[in-house]
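> Could you build the full structure based on these sequences and the hints that come with them?
Below are the chains, spelled out letter by letter.
4 protein chains.
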Amino acid sequence: MKIVLTGNDLTVSDVWEIAVNGAQVEISPEAEAKLEAARKLVYELVDADVPVYGFNTGVGWNKDHKIAKEFFEDFNRKLIYCHSFGVEPEASEAEVRAMMAVRLNCLLLGYTGIQPAVARRYAELLNAGLHPVVPEKGSVGEGDLTPLAHIGLVMIGEGEANYKGRRMSSAEAHKLAGLDPVVLGPKDGLAIVSSSAFSAGEAALAIKELRELVDMGDIISCLSLEGFNGNTSPIEAGVMAARKMEGQAKSAERMREYLAGSDIYGTYPGKPVQDPLCFRGAAYINGSLRDALEYAQKYLFIQMNSTDDNPCLLLDERRIISNSNFETTTLATAIEMLSIVLSHVSRMSCYRMLRLVNPELTKLPRFLSHDGGQSHCFGTIQKCFASLDTEIRHLSNPCSVDYLSLSGSIEDHANNTPLVVQHLRQIVKNLQYIYGMELIHACQAIELRKRQGKFNLGKGTAAAYEAFRKELPLYTNDRPLAPDVKKAYEFVKSAALLRSVGEAR
Amino acid sequence: MKIVLTGNDLTVSDVWEIAVNGAQVEISPEAEAKLEAARKLVYELVDADVPVYGFNTGVGWNKDHKIAKEFFEDFNRKLIYCHSFGVEPEASEAEVRAMMAVRLNCLLLGYTGIQPAVARRYAELLNAGLHPVVPEKGSVGEGDLTPLAHIGLVMIGEGEANYKGRRMSSAEAHKLAGLDPVVLGPKDGLAIVSSSAFSAGEAALAIKELRELVDMGDIISCLSLEGFNGNTSPIEAGVMAARKMEGQAKSAERMREYLAGSDIYGTYPGKPVQDPLCFRGAAYINGSLRDALEYAQKYLFIQMNSTDDNPCLLLDERRIISNSNFETTTLATAIEMLSIVLSHVSRMSCYRMLRLVNPELTKLPRFLSHDGGQSHCFGTIQKCFASLDTEIRHLSNPCSVDYLSLSGSIEDHANNTPLVVQHLRQIVKNLQYIYGMELIHACQAIELRKRQGKFNLGKGTAAAYEAFRKELPLYTNDRPLAPDVKKAYEFVKSAALLRSVGEAR
Amino acid sequence: MKIVLTGNDLTVSDVWEIAVNGAQVEISPEAEAKLEAARKLVYELVDADVPVYGFNTGVGWNKDHKIAKEFFEDFNRKLIYCHSFGVEPEASEAEVRAMMAVRLNCLLLGYTGIQPAVARRYAELLNAGLHPVVPEKGSVGEGDLTPLAHIGLVMIGEGEANYKGRRMSSAEAHKLAGLDPVVLGPKDGLAIVSSSAFSAGEAALAIKELRELVDMGDIISCLSLEGFNGNTSPIEAGVMAARKMEGQAKSAERMREYLAGSDIYGTYPGKPVQDPLCFRGAAYINGSLRDALEYAQKYLFIQMNSTDDNPCLLLDERRIISNSNFETTTLATAIEMLSIVLSHVSRMSCYRMLRLVNPELTKLPRFLSHDGGQSHCFGTIQKCFASLDTEIRHLSNPCSVDYLSLSGSIEDHANNTPLVVQHLRQIVKNLQYIYGMELIHACQAIELRKRQGKFNLGKGTAAAYEAFRKELPLYTNDRPLAPDVKKAYEFVKSAALLRSVGEAR
Amino acid sequence: MKIVLTGNDLTVSDVWEIAVNGAQVEISPEAEAKLEAARKLVYELVDADVPVYGFNTGVGWNKDHKIAKEFFEDFNRKLIYCHSFGVEPEASEAEVRAMMAVRLNCLLLGYTGIQPAVARRYAELLNAGLHPVVPEKGSVGEGDLTPLAHIGLVMIGEGEANYKGRRMSSAEAHKLAGLDPVVLGPKDGLAIVSSSAFSAGEAALAIKELRELVDMGDIISCLSLEGFNGNTSPIEAGVMAARKMEGQAKSAERMREYLAGSDIYGTYPGKPVQDPLCFRGAAYINGSLRDALEYAQKYLFIQMNSTDDNPCLLLDERRIISNSNFETTTLATAIEMLSIVLSHVSRMSCYRMLRLVNPELTKLPRFLSHDGGQSHCFGTIQKCFASLDTEIRHLSNPCSVDYLSLSGSIEDHANNTPLVVQHLRQIVKNLQYIYGMELIHACQAIELRKRQGKFNLGKGTAAAYEAFRKELPLYTNDRPLAPDVKKAYEFVKSAALLRSVGEAR
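Chains as they are written, first to last, in UniProt numbering: chain A, 1 to 505; chain B, 1 to 505; chain C, 1 to 505; chain D, 1 to 505.
Hints are computed from structural coordinates only; laboratory data are not their basis.
Note that beta-carbon positions come from the ideal geometry of N, C-alpha and C, so glycine has one too.
You may find that some hints are simply not true.
Stated by the list, open to error - If you want the footprint, here are the derived chain D segments under chain A, 3+ residues with CB under 8 Å:
#1 129 to 140
#2 397 to 404
#3 473 to 481
Structure below.
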């Protein structure tokens, strides 16, 4: 698979393909032309000798220092050096690929004036599988200079890289890959580091999984509702139309499809008019997640397909202009909102599990015990999902506005986008575990309900149930739970649930 | 002024007019017709004797209790009683008007089946100025049943009300206003309490002021930039086009208009290439506020113009359907994001003030002292805006997901929208103070800069500067600061700054 | 009542007496002597002309400015002026008295060198009932300069004051009280403002009420346990001895006393071995509150009885020494911990109420309905205590470390003690409401249980029950709940519950 | 090294020795006797057939199920199974040793009635180096049942273990170690899982490092102060005596010792009276950390040397009593306070670094550049420590009170102690990095200051400086910073700084 980068249309799915599945990349001819034109302009401006930030001046507080032409290489190398101070843990190779893909794509818009050879090198390294070692910590947003510098370090033949499954020096990796390290010229250092590609790349990975999770959430809610034998009135089309909220209407519509033909539409004597809110509101809160996700995705797409470089080279105007285009505060706060909504989604899932083990509500055995209540079964696992849910809640505490004024009163704003995104990544992981556990509960309830008498599932949920049961049989108290939990998590993470109902992202 | 309510097009400005400026309201004929049709259906359903939540059944855990026809009045009165447990402080009369206007508007969509006379009564009370006493605390979202019950209490002639500036019993107020209390029939109690009109009404008041604040923020940023004599490159159109972010592009465009003709476009020897981020990024963070505000407004508008009632009467289908349309989680989390963005906006303003008193950066006297640095002046006021900023930061901590499972495992979700909105209201107030203080700083800096030599302001900023200077002269250390701070706050709160540049919301 | 202040032994009860009950104050002769000796030293140091911060130099960033002798009055007046920038709301008169009492007491240690006449003036104003108007906001901790400056402003005859129930100018109030405003000399301005007396005074009021609440918590837990007819094994002495935790052992001991003679020690067929943790752990969590309270009280006592002035005059060494004794970070973080523990205490109380209305657990009518379950009763009030509990949780978010670097890089630490303390004050108020509601629940349950058959309460709880029942009869669904909630709150706030069992704080 | 466990006197240093340095353990004879006596009582109670929680009844909601004698083994094995649902990541072997040591020690008090052979097995596994694989997530506090169950799983010959550097099945590990798995009898399962040993063990490791960090903090503050050439007046003994705060007095005393003989006591023309608060308040905030640490240590010691088992076997009374002794809320909230104080400590360190690179304050080259300001040097590393500091701030958000009500309304309190402790562990690690960076800054400043002319360090600081300089030379912009940062971190983590001044913990 080969993905052509243009600077204008990189999607989260593309990033996932490149990062996780190792897709190759190619630069579009139009983009190549833009790179060349921009570089030409840079040299003309060097000759014109106008002071431009980070170009022929120092950076940060040192912006009043002038850099003479002959020191460009030295200046740019040292600029890479002194931004290379990242702290463990190291990003995975997939994460490094994601950030390289995003950085390359944004460079293609021609606003940086980077050497075309350096830009091309991102593609070459991606296609060769030569992955710089990048520590994750050290950026406050406002450009992820730290992690990106570690990529630059490897590009110039220093630092360490992973290549074909082995960690080695950059020099060795280059040799094995048949590449010479690059030599930096004016503005190259800044073009390498001055970007939020670390945040955007990691965000793309998280959002890709979240798009799957929100869709799987609708399926899982349906399975739990059938396990609970609850009410479908809250997802009726008429009710949704009256409310005018698009997100929840979409989730409700999907749920109606999955449940088509289910015995849940039947009734029985004494059936309560209304279920607990965790069931009744499932489509509504999944809908809130859709609303928030749409907002976050909009700004992530812009982030991956516009320039975040400072200064910005305007080809038409033949100027380099200082700016704050590295600001990612809308994206950071969008993700913070998304994290808060996810804490609602997670808690709803937990409550559904708590209700599913309550015989008073389900008419099923207490704790979904296969033997009618003698065994411990689902009584204790609650501590597991509850602790993961609490961690989600903690991770959803915002941190974007917590910053120090740096660099001699100059860098007096930050948004901590990298930390915000890493929190989201952990939230996604925890939710994958929690949804895995909800699947265990829902399918256990369904199986016990089927044993009580015929109970047909919906068209979609039947397929989902079968797929999950292939992975995991009924839990009967005769084995430790941990391996089941792990398997269910992997089932969710792989998005097998979507494929089971004939969907794929 | 008279505002016609239709159920479909109530804006935050309308709510402000009704709530704060005492505008009268009128129900549109189409809405009247819908109310009648819905009520007719209710009685037909009563005769059909189908169990419907809160209608001929109990509510919450008591949903399994059946209510016989002859007890409808008693049941609905007691339903009002036992939701009337609000806790101080009391909402202002403007706040009560806001929630009544919103509740009325949503009723007009015909999804509740309320007695038309009861719906009309909201309009009659608003137009008579008879305002129920409503305690603010006691709702967890998922319908603001508590505060709304206190309105119902007054409607049936109990509890207390404010009427023509005096607090009195509901009975007395009705007498003086020439009205008889209403008598409740089936579904009326639930229609009165089952709504988020308290949250939505308060949110409308906050959002109205925020819309003004975001626009004033652009003006204030310009004044500070002139006081600082900083750079305009970050707000150039070319830079904004390259970034593709709409919010920041709009703020930048507005700033360019205000600054047209300013001496700030001139340069001087040794002028730094770049300013501190609080100046450089002003349009960008104001833009992030625009982005978040647009999202929040979208969902607030839906909230004020759709049904949030449970159960929901569907005229076409001739049914009453249980649902979760009272869910306001998208709105609650949108406001939580808005609050986080506001903490960025506030901190940017604070940093601009900190930079404006730094002679190294401004070439103006330290602490903007009129006498060249001997006086204390603006050294100490920093503690004031810093403490308000810290409070904003604290208020922006989310709380929507912190809830208990109530009502016997049934109400196991909440979003605390009222608390979220009240936090926003306090944030708005603090920001009005902080912006007032920034105006004091910016104008002090401009005046001192003018004294150093001719310095022409932009077209818009000149007007703004003059308007503010009419309120407050140069600060010369010869008086306590508190009254100045209060005046500047009131100047901002009144939106006089917008009017000074020929804008009004 | 007259309280003699020595600088060494002011307690929270003393502060309460002075602040709330209007006790008079007197300065001890030893303290008078210290004040005189310190002032003498100040004048000798003035003559020696050594540069000392805020004494003959400016303050903050202006610390490099020298102040000549002849400008002392002017300098100190202006120092008061430009710290007088507090923001609404205004402190209550009780709060103003509390902070004045604490400030005076600390001055008596002789480390400030303030004019003895100025120190005495605090006592004179307190005894005359002349209370400066003090806005609450504007201090970041590190000395509550802002609110304290407003006291200084009134002392010099400016600003506004409350006197005998009326608000008036300071000048008028002085005239009516027969006092002349003071004239400030060297170091007086700083001695007036450089203190954390605002935080400490408010903290003293909060802690005084908390000491009562923790004791009442033991009684209320007992009443709820009897209403629940739960188990006493968790409070047995042997269990407590095995655990070695002092706080919980004390609460358990007290609970055993209150319950002496109760029918709760009896058993019945099918009685569960263990109760929900909100009952089982009541003494344990009340104990955690005791633990945290002891820690906070220790540091509050030091704060009220040591110097927090900078610079600090050392009589023995005959020097004035710059320092950071205004640091109150231990106290601020102790209160933040206390707030977190209170959020546990509050939640435990809420859960007890949720359990008390569950017939499956209590064998009492659902929602403690007097008529066997037909009425709404205690189903809806849950939203009220839950919303107050959520607010407590939000208020317990820490904010001490959220600060800006002020005053030209000099004031680069803060702890926001005033905001932290105000959060605690609101938490205390909410908990008083919540405990009020728990009393309503517990006594309702007890009364219904008594109706089921004889059920004798413990020695202490019987007295408490009777006292509360005198205030509030059984709730029978025939009235709005709000007035009951208010009464119960006032019962708790007045500590009547303690007096009912023969205890007083 | 062999550590004798008695149940009464296990210290954090002991835990560190056992966990990290592989010390062997031995059970004291008195403890052995207690174990035997308790077990004897258990069997007598089994015969007496009294219902006791988790002993001859089910656990949690299943507490109403009775367990017959002949099913003890099966019941206890399944109890282990269904608590074994932990989620990644896995605890390190050191962490597993820590929790085993703590669990064993508490068992020795004889309150559980565990089989002596099972208790002894903890010692045997520790001494053999057979370490169960334990996933870290899955406990909400209130007993760390999940992680501890994984130890039990290995004890009965199931699950996985690490043995001599290799991961293998429990069965294989037992075989290689020459041990037979244990067979569980009555109450053994609960005795294995019902404990907070996971939290306590991890806390012990964190507190051990914190004790070192607080002492190193005093040294580092001194080095920075010398680098800054600041004032010592704030740490004078007279000032500390006036304040009466023990923690800060101790830090100040230590700082005076380290600085004895330093040229910092000299003065120079124009030396400011006062330094920024990050220097002036260093001893004070380090002191606040001492205060909080003392509180936390007190309760951790109790936790490690008392029983946290439910039910609790009282030998004297010959009874098993249900209780809540697993409550660790005082400890959890103490650690939450500690984390908040650490966020202050961290921020102070960051500000000291920000001040040390400011030439206006230090008269040293901007950004401590060795070549007079041309190089980037310490301008960019600020993003690194700032981002770690922001993460600390986020980690210090409390989460103890965020929980769900589990197990059918029975487990309706939690404190999330494991998550709280893991946050502390990460905070400690980040602070070790930050302190490493402060050392880099301080020593760079000192070296540059020495180059400006003779500057003698204090007795203690000279030794510390030399020791650090042996690890890391002056930074001259000619290399990436990351390896330096890592080295400095390891220097701090190893506590080499303490040894350099002749101290060891």
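> Decide, hint by hint, whether the structure agrees.
Hints, verified against the model:
no., hint, verdict
1, 129 to 140, "holds (count 5)"
2, 397 to 404, "holds (count 5)"
3, 473 to 481, "holds (count 5)"
In terms of the numbered hints stated before, the structure departs from none.
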